[in-house]
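Trainee: Which chain is which? The protein sequence lines are S and P, in order.
Residues in the first sequence are numbered from 1 upward in steps of one, following the numbering used here.
Residues in the second sequence are numbered from 1001 upward in steps of one, following the numbering used here.
Honestly, the hints are just simulated from the structure, not real lab data.
Quick caveat: nothing in here was measured; it's all calculated off a predicted structure.
Some hints could be false.
[Claimed, not checked] Per the computed footprint, the stretches of chain S lying under chain P, defined by three or more beta-carbons under 8 Å from a beta-carbon of chain P, are:
no. : stretch
1   : 62 to 75
2   : 152 to 161
3   : 195 to 203
4   : 258 to 265
5   : 278 to 286
[Said to hold, decoys possible] Per the computed footprint, the stretches of chain S lying under chain P, defined by three or more beta-carbons under 8 Å from a beta-carbon of chain P, are:
no. : stretch
6   : 165 to 178
7   : 231 to 243
For each residue, glycine too, the CB sits at the ideal point set by N, CA and C.
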Amino acid sequence: MEPIATRVEVAVGPRPESALAARSNDRADAPPASGTDAPIDAPNDAPIDTILAIETPEHVVFEHRLAGPARRLLAYVVDLFVCYGGLAVLGLLVMLGAFAIGTQLGGGEAIQKLGVGLLLLALFAVQWVYFVVFETLRGRTPGKLVAGLRVVTITGRPIGFAEAVLRNLLRAADALPTGYLLGFVAMALSPRFQRLGDLVAGTVVIVVERPEVPRPLLLWPPPAPWELEALPARVALDAEERAALELFFRRRGTLGEGRERELAEMIVGPIAARYGYRLPDSVRTLALLYERALHTGRADALPPAPTQVRGATS
Amino acid sequence: VSTVSRVAEPAFVARRRADWDELDRLARELRARGPKSLAAAQLARVGPLHRDVCGDLAHAQSARYSAPLVDRLRLLTADGHAALYGLRPRGRGLRGALFGSGADGSGGLVHAFPRAVRRHAGAMALAAALFFVPLILGALVVLRDPTFAFRIVPESMLKPLAEHYAQGFSGGRSADEGALMAGFYVNNNVGIALRCFALGIFGGLGSAFYLVFNGLAIGAIFGYVASTGAGDNIATFVIGHGSLELGAIVLSGGAGLALGWSIVAPGDRTRLASLQAVGRDVVAIVGGAAVMLVMAAAIEGFWSGSSIGALTKRIVGGGLFLLVVAYLALVGREGREAREARPEGEAP
């Protein structure tokens, strides 16, 4: 295989596929890694991003979105409410129970002591056991479920008991000197948003994404003959242009009409000039060029312009 | 421009969709309920399906299909990866965690704990020194000058303690008070031990501080109570659970020291890799120490303060001490053949 240029330019688009493809090709030339799957370390000049790219043993690259401090704080606050809310309810039950039994049968003081012992056990569980149990069994605590987060290893696998224990024991260090300050600093310095516990356990917290049903963009209304007349038969957009246009068209519904035209005006110039094709409506121009570029060389390409059809048959 | 796949996106989706949905379903099932929830034939499908989806992802990326499709395949690949490579050989559940699944019990905490302790014997010895030397020194100094104890432990706490031990155990401790104290000991002592480990990440300094400070405080309490003439009583009280409780604090402190040392002297690894390797190696010690402390709390709550005779307590306590030492020294030892059969380069 001819090695492609090793210099990696990262696309400005929504998702740098081209960069990732290039990176995985780089690795093909490098000496084989000993491990089977590995997180890919971003090159030093890569943009600061919140994406963890993982190369699988099958030599494809997939990505996880890393969760930042704000979202993790939200999860933590929810967990605190769950824990200490539960503790408060338990405490209330113990007090009421001790009072009720004490007035009925006597010996309320003994019951109360038993209850306080139980509460102390619960306090311990809340501080040290809660996180470990949920993260071992489910990969996420209730707070993380609410915030849409999950803990995985840096190789994208579910975490086990040892990882859950390590990352949650180290909370004691992360929480120093107060309010998880050290953990926050560690996250800020780490390229993967890892606090000390994550660093030791080799884990990351990712954002759980729900797959959407793929909905290809549809050119609507269908192209009129006069629009197709001047449209070149082959349009070649590079990956960045294509990604930018796709993002633009997918966001169209959320943009105002004026803003939409304004954005289209900004990018239509160079692309239209390259192909000598420009309709009065710049959004429509981009849509047609994009459609053509996407289907150039594909079985479902737009019907060629009528003039070309005539030329071909005659 | 590179060549583009001639297969149009809708045709591609139509052809492959059934496989994607099947893998999605299987991966979900695996994550939620584990491998036992799937029939053998289904389980065998996961690998091939995952490989096909990996291929689909690569294809979709190079064929410049739409972002949602690439995203969906990316997530499916991630799910399949987690489901397939997340499968662990060990059985789930408490039994698996404690005893492992291998015939020799490898992989379970019961065996992994003493093995890890022996692997880090140096750190454990240092932790024991950091704990017991201040303890003995503190006790000796306080015996000579009881007021010195007030500099370490507040007077308001020491005086009632001394009075408590002066009374002896003839009154015993009721079951409810035992439960209260056991809860307190679990929360307090296990918390201390776990923190003692965790703060070892700062080059071992946190663990060293906790060890020295706790040793000194316990020594001061000992010395002060002994100076008031109740030395026999406190010794009787402590001996029952002492080997478990003090031993566990030393062990988790030692694990913290090992963790800290892995950053200070990482050897031929990077500091992060060294930290991760040692963290994984010593986590069994912390788990074992936590179990020891919970046992100690039960003994301390229900046995040590009870009105059982002093001689019985001392005999049982001594026996427990020997048991703890024997467990740490002997359990999980490998036979000579197992050691020799170990592949080259693996740490002993």
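Trainee: All hints are to be evaluated individually against the structure, with a verdict given for each.
Mentor: To see whether the hints hold, each was checked on the structure:
1. 62 to 75: n = 3 at 8 Å, threshold three: holds.
2. 152 to 161: As far as the stretch 152 to 161 of chain S goes, the hint holds, because 7 residues have Cβ atoms under 8 Å from chain P.
3. 195 to 203: Result for this restraint: holds, n = 5.
4. 258 to 265: Three-residue rule not met by the stretch 258 to 265 of chain S, so violated; n is 0.
5. 278 to 286: Violated - the stretch 278 to 286 of chain S has 0 residues with a Cβ nearer than 8 Å to chain P, which falls short of three.
6. 165 to 178: With 8 residues in contact (Cβ-Cβ under 8 Å with chain P), the coverage given for the stretch 165 to 178 of chain S holds.
7. 231 to 243: Per the Cβ count (5), the hint holds.
The structure fails hints 4 and 5 (numbered hints given earlier, in ascending order).
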